[in-house]
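Chemist: Once you've looked at the hints, dock chain B against the given chain A.
Those sequence lines, one after another, are chains A and B.
If you're matching positions, the first sequence starts at 2 in our numbering and goes up one per residue.
If you're matching positions, the second sequence starts at 202 in our numbering and goes up one per residue.
Calculated directly from the structure, the hints in this document are not laboratory data.
Ideal placement from N, C-alpha and C gives every residue a C-beta, glycine not left out.
There's no promise every hint is true.
Said to hold, decoys possible - Below, in silico cross-link-like pairs of lysine to any residue (SDA-like), each with a Cα-Cα straight-line distance of 25 Å or less:
| no. | chain 1 | residue 1 | chain 2 | residue 2 |
| --- | --- | --- | --- | --- |
| 1 | B | 520 | A | 81 |
| 2 | B | 520 | A | 240 |
| 3 | B | 260 | A | 286 |
| 4 | B | 260 | B | 329 |
Stated by the list, open to error - Negatives, chain A to chain B, calculated, CB over 12 Å:
| no. | residue |
| --- | --- |
| 5 | 22 |
| 6 | 75 |
| 7 | 84 |
| 8 | 91 |
| 9 | 127 |
| 10 | 142 |
| 11 | 148 |
| 12 | 149 |
| 13 | 166 |
| 14 | 182 |
| 15 | 199 |
| 16 | 202 |
| 17 | 269 |
| 18 | 270 |
| 19 | 303 |
| 20 | 314 |
In case you want the letters, here they are:
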Amino acid sequence: MKRSLHSTLLLLLFIAALAIAPLLLPEFYVTLLNYIGLYAIVALGLVMLTGVGGLTSFGQAAFVGLGAYTSAYLTTVHGVSPWLTLPAGLLVTAVVALSLGLVTLRLSGHFLPLGTIAWGMSLYYLFGNLDALGGHTGISGIPPLRLLDLELKSGREFFYLIWTVLLVLVLATRNLLDSREGRAIRALKGGSVMAEAMGVNTPRSKIVVFTVAALYASVSGWLYAHLQRFVNPTPFSLTQGIEYLFMAVVGGVSHVWGAILGAGLITVLKQWLQDWLPRLLGQSGNFEIIVFGLLMIFVLHRARDGLWPMLQRFFSTAGVVAHAGRRRGAAGAAGTARGGFSAAGGPGCQQALWWPGGQ
Amino acid sequence: MDLQIALLLGQDGITNGAIYALLALALVLVFAVTRVIFIPQGEFVAFGALTLASLQAGKLPGTVWLLLAMGTLIAVIESSLALRERRFREIPLLLMVNCGAPLLLAGTLFAISPASLPLPVQVLLALMLVVPLGPMIYRLAYQPVAEASVLVLLIVSVAMHVTLIGIGLLFFGAEGSRTPPFTDVTFEIGDALLQGQTILVMVASVLLIVALYFFFERTIYGKALRATAMNRTGARLMGISGNLAGMLSFTLAAAIGAFSGILISPLTTIYYDSGFLIGLKGFVGAIIGGLASYPVAAAGAILVGLLESYSSFHASAFKEVIVFTLIIPVLLWRSLTTRHVEEG
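One chain only, chain A, in its complex shape (with noise of 0.2 Å):
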């Protein structure tokens, strides 16, 4: 399956785009696309695993405070180099993640997310109240990163970093899905009797794509730890945890791309959000949440696939991507799946609901 010539192309565009991205804007517009590309990485993990996996966690905050965490203890404390952390975080979320997932994942896919969210709760609670993780005031002076002699110190040499990162995982992601193993995961969302039956291993597939979820999440808490150079248990909890699903979710579940368009929706509208609220409503607190509850409540009602499927509708008819369709119905599940700009847009891709038993 060729990637046609104008998903390609808009791809370079949307790179070159990001390449002269922190050199146009301002120190705000940057921070925040850089926030954008963490919480795409998290959310990039979640597609895998609750739009092709048919599973799902709302504890990935708790993975991204694993990385976040490991790296900022090891950095401080024992003055390990920040790229041997990486491993390190990687290593402790992989472990967590193998035996939340052993446990959970023979059972019917709801105990999964259930396991997770009394798994982001109780490590919420531990990092705050571990006396050696700084407790509840955290982790500060957590060293930059170095890039050969570069050190990674503002926001805008950052902002390279992040996008990379996210970018390679984007590229992985769809070349994971179209492996052996890839298939595999695919297969999980459809019921497990029937892949099963062509000698798929279930269970191994699912603690898979967990495991790699996990692994997204902490990458992006690694990143996360060492551009703020500080960490503390707020940004791990609960709450957060949830918004990366519906990052997920709204972006669209099904698709890579979703992953970024979710989450740079969800947290530009945050933004505006706790401008506004407040001053509508005369008091001070966090009520996004209720913008984004009931938004989510309809994307599920509605476009259960997210926003990105209209995106490429709307861009299909508006005759720039003009293969939409060609691949429609012989592709299906990698279609979808492999999502980007070449996957198929036109209303037989509605009909391939990645959610286990979608109506």
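Modeler: Just chain B now, kept in the frame of chain A:
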């Protein structure tokens, strides 16, 4: 730890455990009937407690506005459906139930001063304000996706939960409330002091559980719910409406939640977001029962209460960590003892 402290902690644990048990029962019920994992259960606890507290403080509880808004929304949706299908006769009834009743309730609250009413009437008013939110939430958020997978329903639940948390903050503010105890009676058993409120909570929980048992065993609606829980399609073929079963189970869950909140609010300060933690502990109990068995869920919930109370003595900072980590060995045990085949 001497015996007296042990008894005191045990008393605390069993009281909280009784509340968790009630919530665990509601969660099992809702899941069995609708496949919805009802995360917002905890919000009903908070709404029940805070609505009662607002009534007692002589304020108009924010839940009135929520009730009016949701009632109006449902009336609009249902009426437009009825118009499209030319069922004109049903419209007045729809309007009366969904808009009229909440308006009447709001009007009553405006007219009388609830702060001066006797406690049972206040409790009744609080329940009348909070319980209808249950079926309304089912109608608005769950009924349109009733046939979707457990996963979709779960995500809807989580979305509903954060929405209600935000609304709770908007209505009740960030300060917590504590209602005065229902009774000041205390008993002395040996060295230990037994509070009347504690006994009240336990007795009320046991009574409620017995009432639920009779509801499910003896009434036609209870049997309909059990039939739906056993086999949705089969129940539908027998003429049991899935929507009715859903609304009924949500009504029960909301009633149990709000009542638990009212029971627990003299014992602990309730904030707009405390319900979630309370509800989650009910969940741990429900999961111990595999989201299927009522007695095991109730026993599990009591265990959670005891564990919480004793761990708050030994390692109070890690009390939540201990309670929520308990779920892991439970899940492990369940995954080793059950063989589950899941089809899409």
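Chemist: Compare the structure with each hint and give your call.
Modeler: Quick rundown of the hints versus the structure:
1. 520/B with 81/A: Violated: residue 520/B and residue 81/A sit about 32 Å apart, past 25 Å.
2. 520/B with 240/A: Holds, at about 20 Å.
3. 260/B with 286/A: holds (21 Å)
4. 260/B with 329/B: Between residue 260/B and residue 329/B the Cα gap is close to 16 Å, so the pair holds against 25 Å.
5. 22: holds (31 Å)
6. 75: Holds, because the least Cβ-Cβ distance between residue 75/A and chain B comes to about 22 Å, which exceeds 12 Å.
7. 84: holds (31 Å)
8. 91: Holds: least Cβ distance 22 Å, greater than 12 Å.
9. 127: Residue 127/A not clear of chain B: closest Cβ-Cβ about 5 Å, inside 12 Å.
10. 142: holds (24 Å)
11. 148: The claim holds: residue 148/A sits with its nearest Cβ about 38 Å from chain B, beyond 12 Å.
12. 149: Its Cβ never comes within 12 Å of chain B, the nearest being 42 Å, so this holds.
13. 166: holds (27 Å)
14. 182: holds (21 Å)
15. 199: holds (15 Å)
16. 202: The claim stands: residue 202/A keeps its Cβ more than 12 Å from every Cβ of chain B (closest is about 15 Å).
17. 269: holds (19 Å)
18. 270: holds (14 Å)
19. 303: Residue 303/A is in fact no farther than 12 Å from some Cβ atom of chain B, at 9 Å.
20. 314: Holds: least Cβ distance 22 Å, greater than 12 Å.
When the structure is compared with the earlier hints, violations turn up for hints 1, 9 and 19 and for no others.
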